[in-house]
Amino acid sequence: MPTKPLFGLHLAMVTNPQTKNPGVRGLAKATGLSVATISRVLNNSDQVNVKTRERVLAAMRETGYVMNSAARALATNRTKTIGAVVPTLAYSIFARFLNAVERELADHGYALVIATTDGDPEVEERRTRELLDMGAEGIILSGAIHDRTLLQLLENRQIPAVCTSVCKTRNGLPAIGYDNALIGQMAISYLADLGHRSVGVVHGPLADNDRTRLRVSGVTRGAGKRDVRVDFRETVLEVAGGVEAAAGLFAMPNRPTAILCLSDILALGALFESGRAGLAVPDDISVMGCDDLDWAAHCHPPLTTVRLPTARMGRMVAVSLIERLDSAVDIGDRAIEASIVERSSTRRIS
9 MPTKPLFGLH LAMVTNPQTK NPGVRGLAKA TGLSVATISR VLNNSDQVNV
59 KTRERVLAAM RETGYVMNSA ARALATNRTK TIGAVVPTLA YSIFARFLNA
109 VERELADHGY ALVIATTDGD PEVEERRTRE LLDMGAEGII LSGAIHDRTL
159 LQLLENRQIP AVCTSVCKTR NGLPAIGYDN ALIGQMAISY LADLGHRSVG
209 VVHGPLADND RTRLRVSGVT RGAGKRDVRV DFRETVLEVA GGVEAAAGLF
259 AMPNRPTAIL CLSDILALGA LFESGRAGLA VPDDISVMGC DDLDWAAHCH
309 PPLTTVRLPT ARMGRMVAVS LIERLDSAVD IGDRAIEASI VERSSTRRIS
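Note that the numbering used here has the sequence shown beginning at 9, numbered continuously upward.
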């Protein structure tokens, strides 16, 4: 039987001699229906009546038919695959988000393929192109800032894409996520309400990370409104970065009364360094994070942080792409509210 090319591979809808799978044509012969009708049944089309569907399902049971995803892609010109392009899988916040995306997609018969970029825009464009060449029907991106070449690629191929962890963009793509500037302002205002007027702010690299830049801008605006002195420290987004930044803040002649870390990973490093420096948290220094990672409620002391509903964001992103691909529903911007979780790492001061 002649084969057809699919994503660089040659595949065919043929019977596997070992499994004796009859294939779509075998089902058509067994039922007396057309291949097109069989395909509509296999893809749960609404254009098939109940009697015809039951007829095909009975033939599948009798013949031992097994659905072949490559054959389905050939027959329908659809792969039902979504690609997610993220900076890294090293942090649990991405794992939580992608886990929610994958579960929601799986419930609707879709698959998720993941690529990482290490925050490099050129790598992001290349990995996205690879996912599209594999047959990805939709793309999930992190943040709002993306290379023009990537945006043009998505536009040329007419591929729906969603920017995540932000609630709006200026690049023409829809966004589902948080107001990061508001998150920064919420966090510094919380510490101000506790009486802190000198706060060290630890954050990851600003280059190529619009979410961090927005949080820093929110902290700056909130600090100005509440008359709080802030000392910003940029460092690598690792526990070691939090350790190093906290050590620098502790070495100041007039050290701050609180450390605000714009990532829980950095806050963990600040907690470690506080212990090494002989400072009790929160009696001597308050420490606050941002993310509410799984361990934040269980470290010592439990970490006050800004909870980002990443799992909810994942489900919303998945549903929006499914509705766009299956029902041509436009994807709109969606803002998801973050909240402060108060635990034992911060305290009120006079």
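Each hint should be verified, as a subset may be incorrect.
[Claimed, not checked] Only pairs whose alpha carbons sit at most 20 Å apart, straight line, appear in this in silico SDA-like list of lysine to any residue:
#, residue 1, residue 2
1, Lys88, Lys59
2, Lys37, Val56
3, Lys176, Arg137
4, Lys176, Ile344
5, Lys88, Asp115
6, Lys37, Ala66
7, Lys233, Glu163
8, Lys88, Lys37
9, Lys59, Thr45
10, Lys176, Asp338
11, Lys88, Arg63
12, Lys176, Glu163
Read the hints as simulated data drawn from the structure, not as lab findings.
Verification of the supplied hints:
no.	hint	verdict
1	Lys88 / Lys59	violated (26 Å)
2	Lys37 / Val56	holds (18 Å)
3	Lys176 / Arg137	violated (24 Å)
4	Lys176 / Ile344	holds (11 Å)
5	Lys88 / Asp115	holds (12 Å)
6	Lys37 / Ala66	holds (13 Å)
7	Lys233 / Glu163	violated (42 Å)
8	Lys88 / Lys37	violated (27 Å)
9	Lys59 / Thr45	holds (12 Å)
10	Lys176 / Asp338	holds (15 Å)
11	Lys88 / Arg63	violated (25 Å)
12	Lys176 / Glu163	holds (18 Å)
When each numbered hint is compared with the structure, violations occur for hints 1, 3, 7, 8, 11.
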